[in-house]
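Chains X and V are the protein sequences, given in the same order.
For the first sequence, the residue numbers in the numbering used here are 2 to 119.
For the second sequence, the residue numbers in the numbering used here are 83 to 194.
None of these hints come from the bench; they were simulated from the model.
Check before you lean on any hint, since a few could be wrong.
[To be verified] List time: in silico DSS-like cross-link candidates among lysine-lysine, alpha-carbon distance up to 30 Å:
1) LYS67(X) <-> LYS56(X)
2) LYS21(X) <-> LYS181(V)
3) LYS21(X) <-> LYS124(V)
4) LYS181(V) <-> LYS67(X)
5) LYS21(X) <-> LYS65(X)
6) LYS181(V) <-> LYS56(X)
7) LYS42(X) <-> LYS124(V)
8) LYS124(V) <-> LYS65(X)
9) LYS15(X) <-> LYS124(V)
10) LYS56(X) <-> LYS124(V)
11) LYS65(X) <-> LYS15(X)
12) LYS193(V) <-> LYS42(X)
13) LYS181(V) <-> LYS65(X)
14) LYS138(V) <-> LYS181(V)
15) LYS181(V) <-> LYS42(X)
16) LYS124(V) <-> LYS67(X)
[Unchecked claim] Here are some of the chain V residues that sit facing chain X, going by a computed Cβ distance under 8 Å:
17) SER125
18) PRO126
19) GLU127
20) LEU128
21) TYR153
Even glycine gets a Cβ: it sits at the ideal position worked out from N, Cα and C.
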Amino acid sequence: GAVVSQHPSWVICKSGTSVKIECRSLDFQATTMFWYRQFPKQSLMLMATSNEGSKATYEQGVEKDKFLINHASLTLSTLTVTSAHPEDSSFYICSARGGGTTDWDTQYFGPGTRLTVL
Amino acid sequence: QKEVEQNSGPLSVPEGAIASLNCTYSDRGSQSFFWYRQYSGKSPELIMFIYSNGDKEDGRFTAQLNKASQYVSLLIRDSQPSDSATYLCAVRIYNQGGKLIFGQGTELSVKP
């Protein structure tokens with residue numbers, strides 16, 4: 002149980018285009034989903050927290066107009082990188098929380114999406 | 083002072099030995115503690131979580147929590163080369179919307 006999927010697993014795009022990444026909780030309802038970014042050899046950096054049906058809460062320094070987050074249902078959250086530039090190239094990972102009665106507190110991670118902007 | 087601190091390593095242990103990974107945290111409001119393993123190029127996977135002081139065992143893994151000392155550790159018994167990865171300590175702090183604060187991770191290398 003507690004499986005989280007992401008799509009696509011990797012994407013290459015041209016500078017200036019927008020890219021949408023989907024995060025789905027497959028076997029549980031996720032009350033909260035989180036989006037992280039990770040650069041090579043660095044730790045996870047939380048970008049934003051999203052709760053179903055409400056606006057995402059962004060971490061300091063993260064541009065909300067550039068990284069659009071939509072949490073339309075208890076099993077789906079999307080991250081759209083708008084007008085992507087090469088410096089946005091990174092490993093984007095989502096996590097979902099709310100997996101069960103005993104581990105409601107635990108975040109389960111998706112497999113990640115590797116974005117390369119040319 | 084970082085909120086969650088880990089030695090970056092690398093920590094090198096021989097196969098079959100016990101690997102000991104340590105983590106300290108600064109906020110006494112921390113409530114839940116997690117250990118994740120991350121292989122190179124992959125996303126983190128949960129190893130275990132601990133909420134109460136003391137030890138919690140799951141197979142070859144034991145998490146130890148000491149809230150008075152603000153210290154959490156992970157022991158890996160009978161270490162295998164497949165355990166070679168980066169281990170992330172994460173802490174959930176009360177009243178911060180459920181988000182986790184991650185340490186920088188400790189790179190573990192298990193030598194055959």
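Verification of the hints:
At roughly 15 Å between alpha-carbon atoms, LYS67(X) and LYS56(X) fall within 30 Å of each other, so this suggested pair holds. Between LYS21(X) and LYS181(V) the alpha-carbon distance is near 23 Å, which keeps this suggested pair within the 30 Å criterion. Restraint check for LYS21(X) and LYS124(V): satisfied, since their Cα atoms lie roughly 20 Å apart, inside the 30 Å limit. Simply put, LYS181(V) and LYS67(X) have alpha-carbon atoms about 21 Å apart, close enough for the 30 Å limit, and the pair holds.
The straight-line distance between the Cα atoms of LYS21(X) and LYS65(X) is roughly 14 Å, inside the 30 Å bound, and the hint therefore holds. Of the supplied pair hints, the one linking LYS181(V) and LYS56(X) holds, its CA atoms being roughly 16 Å apart against a limit of 30 Å. Taking the CA atoms of LYS42(X) and LYS124(V), the gap is about 12 Å. The hint holds against a cut of 30 Å. With a CA separation close to 26 Å, the supplied pair LYS124(V) and LYS65(X) stays within the 30 Å bound.
With a CA separation close to 24 Å, the supplied pair LYS15(X) and LYS124(V) stays within the 30 Å bound. A C-alpha spacing of about 29 Å is found between LYS56(X) and LYS124(V), which places the hinted pair at or below 30 Å, so the restraint holds. Pair hint LYS65(X) plus LYS15(X) holds up; C-alpha atoms about 21 Å apart against a cutoff of 30 Å. Taking the CA atoms of LYS193(V) and LYS42(X), the gap is near 21 Å; set against the 30 Å cutoff, the hint holds.
Between the alpha carbons of LYS181(V) and LYS65(X) the distance comes to roughly 18 Å, so the proposed pair stays at or under 30 Å and holds. For the given pair, LYS138(V) sits about 23 Å from LYS181(V) by alpha-carbon distance, which is consistent with the 30 Å threshold. Pair hint LYS181(V) plus LYS42(X) holds up; C-alpha atoms about 22 Å apart against a cutoff of 30 Å. Pair hint LYS124(V) plus LYS67(X) holds up; C-alpha atoms about 25 Å apart against a cutoff of 30 Å.
Of the supplied interface hints, the one on SER125(V) holds, with its beta-carbon coming within about 4 Å of a beta-carbon of chain X, less than 8 Å. The restraint placing PRO126(V) at the interface with chain X holds, with a minimum CB-CB distance near 5 Å, inside the 8 Å limit. Proximity of GLU127(V) to chain X holds as hinted, the smallest CB-CB distance being about 7 Å (cut-off 8 Å). With a cut of 8 Å, the hint placing LEU128(V) at the interface with chain X holds, because the nearest CB-to-CB distance is about 6 Å.
A hinted interface residue such as TYR153(V) counts as satisfied when its beta carbon comes closer than 8 Å to some beta carbon of chain X; here the least separation is about 19 Å, so the hint is violated.
In the structure shown, a violation is registered for the earlier hint numbered 21 alone.
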